[in-house]
Every structure is written in structure tokens, then in C-alpha cells.
Amino acid sequence: MESVLALGGLVLLRDSVEWEGRSLLKALIKKAALCGEQVHILGCEVSEDEFREGFDSSINSRLIYHDLFRDPLSWSQTGEALPGGPLGALQAMCRRTDPGPFTIALDSLSWLLLHLPCTALCQALCALSHQHSRPGGSCLAEPVRVLGLLHEELHGPGPLGALSSLAQTEVTLSGAMGQASAHILSRRPRQRPALQTQWFSILPDFSLDLQGGPLLESQPHPDPHTAPVDPTAHVTFNLHLSKKEREAKDSLTLPFQFSSEKQQALLRPGPGQATSHIFYEPDAYDDLDQDDPDDDLDV
Amino acid sequence: MAAVATCGTGVGSTGSMVAATSKNNVTSFQRKGPRASGTDSGCSRLVSIAGTRPSVRNGQLLVSTGLPALDQLLGGGLAVGTVLLIEEDKYNIYSSLLFKYFLAEGIINGHTLLVASAKEDPADILQELPAPLLDDNYKKDFDEDVCNHQTPDSNIKMKIAWRYQLLPKIESGPVSSSRFGHYYDASKRMPQELIEASKWHGFFFPEKLSSTLNIEPCSLTHGYRKLLQFIQKVIYEEGFDGSNPQKKQKNILRIGIQNLGSTLWGDDICCTENCDNSHSLTKFLYVLRGLLRTSLSACIITMPTHLIQNKAIIARVTNLSDTVVGLESFIGSERETNPLYKDYHGLIHIRQIPRLNNLIYDVSDVKDLAFKLKRKLFTIERLHLPPDLSDTVSRSSKQDLAESSKLLGPGCGMMAGGKQHLDF
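Chains as they are written, first to last, in the UniProt record's numbering: chain A, 1 to 299; chain B, 1 to 424.
No lab work stands behind these hints, which were simulated from the structure alone. It is possible that some hints are incorrect.
[Said to hold, decoys possible] Partial list, computed: chain B residues near chain A (C-beta under 10 Å):
no., residue
1, Asn58
2, Ala186
3, His349
4, Gln352
[What the hints assert, rightly or not] If you anchor each label on the Cβ, the simulated ranges turn out as follows:
no., chain 1, residue 1, chain 2, residue 2, range
5, A, Gly100, B, Glu128, 21 to 31 Å
6, B, Arg382, A, Pro293, 35 to 45 Å
7, B, Arg382, A, Leu254, 21 to 31 Å
Glycine included, C-beta positions come from ideal geometry on N, C-alpha and C.
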């Protein structure tokens, strides 16, 4: 789980109806706040009081809450609502200039995806994740983390795929037998993505308790009854040669391989024969006619 | 095509002898060769630009894609004036590597680069280019690689089956005098002085966006329009289309566009199936190809086609590009554990090869190609089936191979195609 916060960039928390992700989001926020970072929260789905409940006061003082839940369409016109709507709020966070590690939590990204065009949201998220790498040319080493809560079942494969391609880390929540698990896919740049599974549970004060898996292992084991078979046993030809046999094999010249000695031997007549002899034994059916059969032709 | 068209002006005209009052010739027919008059600088001579060579089949001017193995599969290289479209693999690891090889090849040959991206700053992309491999260092590493693979037994095998040594092999090592394609070490960075000595133009789309993001779906071609204007400006100002006749030395412009069609360019074909401006990408490709055909440039585009929701758009995009290469990596898929693919990192599909001034395609007969990224090399090899083991091996693994061999083309041998294995 540490790697989730260690890498900067966009972290997608994909949850579903059975395995909700807001508690994990709050646990990660608490962890970031305990490290002394500034945490900005864009709250769209639940009210501020409901979100802040469960955090103690020290953490609550470090959270800066931008409330879009109370008045999302800016109808009240009292100046409390955020100017520019949700997109304006995101852009305002882009233009932040004070240094230091920085975490933004979007609760939830699904709400933003349903209310904003997908392309504008993707561009804003990309600008948010990369803004610390080039503010006026200097390169800051502090990562910007954007934690986005995404309800998988609300969106089709298109927006989900588009957001996944932008994300540095994707945490998919699922579970078995009453225990929640997180499948973490982290994509470091220029490296193969790493997939790991972490079983966890969230304690009432929103601290994270990492655990091993549930008691019943349901992974498939290789069948222990079939012993691995040695394919080199029970073969009709000899696979293992003794040293003498190997030497004899290596020194054998194959019929199509012409070494120079063999060529010379074939071209030059041997010492025993001056000319070549043909030995012929005629049998009963042979017709020893000395005439040339081609004489019959009038050519 | 711009570069190597033989001079048609002289041959085509049927002007009479009276009309031909050019200084040197009596007739209006002009001979191709060094004796031709220098009135037209673009034609009647094979232009000798660094890093290019004419194709052996049709005389087309080719540039290297940065991967000699890919050059061989595309018929010698990428033709000047065409688009190479790379369909990205799922996590965009290998396609960005091919993109960088293309740009690195441009720097080594002294070509001008134009890098466009909506995700990364082009200056950062250029910092991450791989370093070129010098010939003598490379030969040492390649030889030790080959020695590691070859066991003494393999020499004995070829002694009896000596005819197989005569079969042509796909070139996987460096050609001795490879001036055309170079090899790159993906683990090292290109030296800073080479990057600074090169000429490049960058287009980073978020910088060009207006400061207020407007939500209304005005023009989805906004990003594309800006990019086309930028490319046109560079081509015109630098004289790649022959518009600046005072240019002393002709050069090639290598254009690289990353992640075209993704949401960061403002196009929503990756988000929805029925989008309003589904034709903006195809219009862009059409105009881009027009710009390329009239200038000395070659373009590489990587596109996340696995995210495009409407499959008709993918078909249109394929038709509008010249060469299309698809990458499919095994990461995260069930093929990773398949014994057939255990040596490789992914499959490479050559989806389309253009017919340029030709009636026939230049396809190779090998359809099953796989790639792997070794420590320093990106190799593309023909996919071979492993040898069929004897029948004392358990049946399940044989079934797996039979299932996966159905995916292979006919080039891999018909024996493994059937589900039943003949037992003798």
C-alpha cells in the first residue's frame, strides 16, 4: 500500500457496490495528512460533515475542503459556492504555487465524469498530475498525488479505459469471504506494470490494517497426482552416448559433406587401378548383338 | 512522391523542336543523369540526403525507422512522404519505445525533428531517447549473447540437416556496415551534445490551449487544427516542400505524434461510441498525408486503438494511413503463461503496407512475428513452434499447444494444426 502513495500522479480507486471505496480513500487521506502534507478535497457526493466524521481534529485541521455538494450549480449566489463550477475548482488547484508535497482527493471522480465532458476532465487531470514537473521551467521533486474515487459500474468501457490510461496507479477493490482486497496495478514510466494483491481492512478510525489473505486459499495448485514425466525415458534410440561412441560419431564423415581429401580421392584414380574395369556376367536372356540399333534409322 | 520522381516535365511535353529553346538541349527530352540541366532542382536526379537510400524495388526514397528488423519487414524502410501508424500496446511501453527509436534515428542522421504530444513535454521525450550503439561495442555483446544461446549440441544437429543452414534467416544482428539503420541501447540515454546539436521543434498541446478551458463542445478538431497549422508552418519556413529555393542542403523532417486520438487531444473517440465529431481524426489524417506527400518528411504516429470504441473509425484510420503496424504485448494477458510465447514479449502485426507507385504489395510471407526486448536490443523474430515432444508427456500440455497453434498462420507448418496428434 505504501507504493500507492509513493508514486505521484493519478491514483484511481475503483470500487463497486459490494466493496465500497470511500473508507479506503479516507484512510489514504489520513495517511497523507499524518505525513504532514496538504490535502485538498473536492467533495461532490457527500456533505462535508459526513466526510469529516471519523477524523480526529488534528487531521481535520489539515484538510482543505472544497464543497461542491451543497450547491453544485451555484444557485445560491451567496459567494460560498466555488466559482466556475467543478472545472473551475480543478483549474484553481492547478494554479497553486506553494511548494511542498500535495495531495488532492476527488470524491468522486464518477460525479465529475457525469457532469463534465470526458475530454475536459482528462485534460484537467493530466494538467494536475504534471503541474509540478514544469512550473516555469524548474523541476520540483515533490510528487503531486491525485486520489480519485471511481464507481466502476456507473461508466462504460470508454471512459474507464481513457482514465486508466492516464492513471499511474489503479486500485481495484474486490474481496472474498468478507475480507476486502485491493488489486494494485502500478505503472512506472518505461517499466513493466506491476500487479499485486493486498488484503486489508479499515479500522474505525480510518487507519489501514494490512493482512494476509483469507484462510481458505482458493488458488489452483498443480495436480499432485501426475508426476512430471521424463520424455527421454523409454525411447527407442540411444540418447546417451559413451565417450568412445561420441568420438566415433564425430569422426564419421557424412556422404554429402565433401572435405578436400574426399574430393581429391574421388577425382584422382587410386594407386591400384590404371584404368577402370567393368566386370560383366551375361545371363541367359541377354542378347549380345553387336549391331548398333540406331542403324535402322534413316538419319 | 516528391523526392524521386523522375523528371516528367521534359518527357511529357510533346513540344516541337522550335519550342525547346533551353540553353543546352536541342530537344525537349531530358536525360536523367548528371548531364541534365539544372533548371529543376527537385527532379531528374536522385537526391542524396543523409540517412536515406532508394528502395531496391521501385526506387522510392526510404528512411530508416530506427529498427533495422522493422525496416526489413517494411521492405527496406519507411518511404519519405508516408505515415507510419503504430497501434499501441495496452500499457504503451513498446510503442513509445518504437517512437523513440524513430526520433533517435533522426538525430543520428542529422534530420530535423518535430515532436508533438499532449501528455509529455517534447523536451522530456528527447531527453529519454536511447543511446546509439557503436559497432565494435555492439559486436562484442552480440557475440556473447549468441554464445550463451548456442550449446555444443546444436552444432551436431546441423551436421546432418545441413540443408537447413541454407534457408534465409531474418536478420537479427547488426549488418556490418549499417549506415542506414542503427542499433540503440534502450538502457542508456542519448548523449546530451547530440540532442543539443540537433534541430527540433516541439508541440506540447496543453501549452497551446487557451487559458480558460471552455466546456462547450465547440471544435473537437481544435487540437488537431493547431497541430496541422504548426506542422504546415514548420514545413513552409524550413523549406521542406521546396518553397525556399535558397536552401543549401536538403534534409528530411521527421514528425512524431504521440497518442493521437486519446482524450488529451480533445477527441472523444476513446470515450464514447457515438461521438459528435467522429470524423475529426480522419480529417486530420487526410490533411496530414497531403502535407507529407508534398514535402520531404516522414511521420510516425502512435494511436491507442485499443481504447477507440467505434471499430469503424479504426478501419477508416487504417485506410488513411500508409503503413500500419500493431503491437500486442503479453503483459497481463493469459498468453504470458502460454509455453508457446515464453521467449517473447509480444506479437507484432504488420497490418498494412502501402502500394507506392506500384501495383503489387511488398509483403513478406511471414505473418507470425513476435518481438522481444532483450537487454539492449529490440528484436523481431518469426514465431516458431517448439518441437513436438513424444507422447509420454501429459496430454494437457499438448492440447494447449494445439489450441495455440490454431492462432498461427500457415507459415508455421501444418502438422500442429490439427487437434489429434498422429501416434506411430
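Each hint tested on the structure:
{"no.": "1", "hint": "Asn58", "in the structure": "38 Å, violated"}
{"no.": "2", "hint": "Ala186", "in the structure": "9 Å, holds"}
{"no.": "3", "hint": "His349", "in the structure": "20 Å, violated"}
{"no.": "4", "hint": "Gln352", "in the structure": "24 Å, violated"}
{"no.": "5", "hint": "Gly100/A with Glu128/B: 21 to 31 Å", "in the structure": "27 Å, holds"}
{"no.": "6", "hint": "Arg382/B with Pro293/A: 35 to 45 Å", "in the structure": "57 Å, violated"}
{"no.": "7", "hint": "Arg382/B with Leu254/A: 21 to 31 Å", "in the structure": "28 Å, holds"}
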